[in-house]
Amino acid sequence: MGKTMAEKILARAAGVRSVSPGDLLDVIPDVAMSHENAGLVSKSFKEIGVSKLFDPDRIVIIFDHRVPAESEKTAEGHKTVREFVKKYKIKNFFDINTGICHQVLPEQGFCRPGEVIVGTDSHTTTHGAFGVFSTGIGATEMAAVWATGKLWMMVPETIKVVTEGKFSPGVFSKDLILHLIGLLRADGADYKAIEFFGDAIDEMSIASRMVVTNLSMEMGAKAAMIPPDQKTFDFVKTVSGKPFQAVLPDSDAKYCRTVDLDLNLLAPQIACPHAVDNVKTVKELAGTPIQQALLGSCTNGRVEDLEEGVKQLAGRKVHPEVRMLVIPASWKVYRQALDKGLIAAFIDAGAVVLNPGCGPCLGAHQGLLAPGERCISSTNRNFQGRMGSTQAEIYLASPATVAASAVAGKIALPEVRS
Amino acid sequence: MKFSGTVFKYGNDVNTDVIFPGRYLKVWEPTEMAKYAMEDIDKEFAKKVKRGDILVAGKYFGCGSSREQAATCLKAAGISVVIAEGFARIFYRNAINLGLAIMACPGITAIANAGDRLEVEPTTGEVKNLTSGKTAKAKVLPPFILDILNDGGLIPHLKKS
Ligand code: SF4
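Order-wise, the sequence lines are chains E and G.
FYI, the numbering for the first sequence is 0 to 417, going by numbering that gives the first Met the number 0.
FYI, the numbering for the second sequence is 0 to 160, going by numbering that gives the first Met the number 0.
In isolation and in its complexed conformation, chain E is listed as follows (with noise of 0.2 angstroms):
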């Protein structure tokens, strides 16, 4: 019988020949990465008391969360783990001048098709884009995998997502993932795979479909995949130089449910507070004034990102109550945006410009909000107080969404530009 790309990645990492959903296996990593909870890590690795990391070169971490430092208490943590690293000889280190780690982890080549990427982070489904098996886990159970180089898994069931059509303008693949969830539901692929197919998928830029990955998280997804294909090989090969075996799904394999989607039909989507499956149309929110407009994240930071962003601003101002934050996702898209001129035309719009990193996202620093305030976003998250007060209301949507809405002072449809 055919197997899907999970049960066929996993028995390779498990090195057993066939799996089936709900076994138990042993899974070696290809790749374990952490943030700034590698400190947590570092501290449960110790309390294990063996002498050393299992294989340094298969850990990455990545200062992303709280970068540049917002407090002592932050400074200390950033401190422990720089000494942690230097002490283990660990390489794959990046400090705070790299980037949301869901973006430096591709951009850096540890995305390698067919193979299975561990990470501190709920969102690191996102690399699933790239064909790998990828699935977040706790801080514990990470310091297990430093010191044994394995961790329990269960063999997931996979759910077959297929597109059919193409995007209207104004239509992007976060608009396709939001619609998704809202049919779907937060726990609709809890313990679950998803695997997408379809021409707008194959079109898609990997950008794109990072988008489709990393919120397929807000769906509860143990781990989301899109088949790897000519434009993530050659992207692959761009930043790795490992060779790599990419995995594709049986044609007869067997999947729990398969969902069809029309994006002839798919008009902007919006997550409304305080849950991510709380979806409607931008048409059905549009009026709603906001305060603040936040484009970045490990979502929608990348230079396509940006670009739409810029599109909706060019010409325009943002509204003069809206404070409207820009965060490329990595100093890596920073720098190609600087020399698209991007950059200086968010600053010329009235935006802010900070500096890569997951910024106020999941309500740490830079740009929290008072109760009674409303934000359009292009994060992933919108729960209760996850930017700031309890009080306040997070709406995510698009790019261009977000950027139509901070011109207008209100939720607003992105207009069709060129």
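Just so you know, not all the hints are guaranteed correct.
Claimed, not checked - Here are the simulated lysine-lysine pairs, BS3-like style, with alpha carbons at most 25 angstroms apart:
1. E:K51 to E:K85
2. E:K86 to G:K25
3. G:K58 to E:K279
4. G:K136 to G:K74
5. E:K149 to G:K133
6. E:K42 to G:K158
7. E:K78 to E:K42
8. G:K8 to G:K133
9. G:K159 to E:K42
10. G:K133 to G:K1
11. E:K2 to E:K45
12. G:K158 to E:K88
13. G:K159 to E:K51
14. E:K42 to G:K136
15. E:K85 to G:K25
16. G:K158 to E:K51
17. G:K136 to E:K45
18. E:K45 to G:K25
19. E:K42 to G:K34
20. E:K86 to E:K149
21. E:K230 to E:K316
22. E:K42 to G:K74
23. G:K158 to E:K149
24. G:K1 to E:K72
25. E:K253 to E:K2
26. E:K42 to E:K7
27. G:K133 to E:K159
28. E:K86 to G:K42
29. E:K78 to G:K25
30. G:K58 to E:K72
31. E:K72 to G:K25
32. G:K74 to E:K45
33. G:K8 to G:K58
34. G:K47 to G:K34
35. E:K45 to G:K158
It is worth saying that the hints were derived from the structure and are not from the lab.
Just so it is clear, the structure is predicted and the values come from calculations on it, not from any experiment.
Once you've looked at the hints, dock chain G with the ligand against the given chain E.
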């Protein structure tokens, strides 16, 4: 291991951002973390909870981020077991690996109310409401997970082996 304690009850889809808000993620000491547990959903929780108490919730408890502080803070606050209609994947793993007992129990919200006394037997899945006399049956945890829990979490478990 057998648990008995007073019930703290919450609804569906309780996410990790309200169990342990992001603004406190820089706090590392479990006892200090316990002070902020559930703050955004129940300001009284941290003050009222006593060692051994039981947290009951609806479906998809612990959805959201991978922060294991959500499990750590509940354990440090004194919660002996979380019983819910269902859990989000990462929270489920984190709880087990940190030695916080966790049980999926369809129908639990119908038989338990805040303030009730509950008794839970993890090896058989039997749940008894000592206040009302009602019972429910939780899913029994696989033996290797019970082993991890009995050892107090993944780290002590690994140390042992
Ligand atoms: S940008 Fe937001 S969602 Fe992405 S890793 Fe950072 S905190 Fe998490």
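Original post:
Are the Cα positions of G:K8 and G:K133 separated by 25 angstroms at most?
Top reply: holds (16 angstroms)
Original post:
Are E:K42 and E:K7 close enough, with their CA atoms no more than 25 angstroms apart?
Top reply: This hinted pair is violated, its Cα atoms lying about 34 angstroms apart.
Original post:
Between G:K133 and E:K159, is the straight-line Cα distance small enough, at 25 angstroms or below?
Top reply: Answer violated: G:K133 to E:K159 is near 41 angstroms, above 25 angstroms.
**OP:** Below or equal to 25 angstroms on CA atoms is what counts here, so check E:K42 against G:K136.
**Re:** Judged against 25 angstroms, a Cα distance of about 37 angstroms means the pair is violated.
**OP:** Please work out if E:K42 and G:K158 have their alpha carbons no farther apart than 25 angstroms.
**Re:** Since the Cα atoms of E:K42 and G:K158 sit roughly 14 angstroms apart, the hinted pair holds (cutoff 25 angstroms).
**OP:** Take the C-alpha atoms of E:K45 and G:K158, compute the straight-line distance between them, and say whether it is at most 25 angstroms.
**Re:** With a Cα-Cα distance of about 11 angstroms, the restraint between E:K45 and G:K158 holds, given a limit of 25 angstroms.
Original post:
E:K85 and G:K25: Cα distance at most 25 angstroms?
Top reply: Satisfied, since the Cα-Cα distance of roughly 22 angstroms is no more than 25 angstroms.
Original post:
Straight-line Cα separation of E:K78 and E:K42 no greater than 25 angstroms?
Top reply: Within the cut-off at roughly 13 angstroms; holds.
Original post:
Quick one, are E:K149 and G:K133 close enough, alpha carbons at most 25 angstroms?
Top reply: violated (42 angstroms)
Subject >> Given hint G:K25 paired with E:K72 - CA-CA distance at most 25 angstroms >> reply: The hint holds at about 6 angstroms.
Subject >> Given hint E:K149 paired with G:K158 - CA-CA distance at most 25 angstroms >> reply: Within the cut-off at roughly 15 angstroms; holds.
Subject >> Agreement of G:K159 and E:K51 with the hint, judged by alpha carbon distance not exceeding 25 angstroms >> reply: holds (18 angstroms)
Hint compliance for this structure: hints 5, 11, 14, 17, 21, 24, 26, 27, 28 and 30 are not met, and every other hint is.
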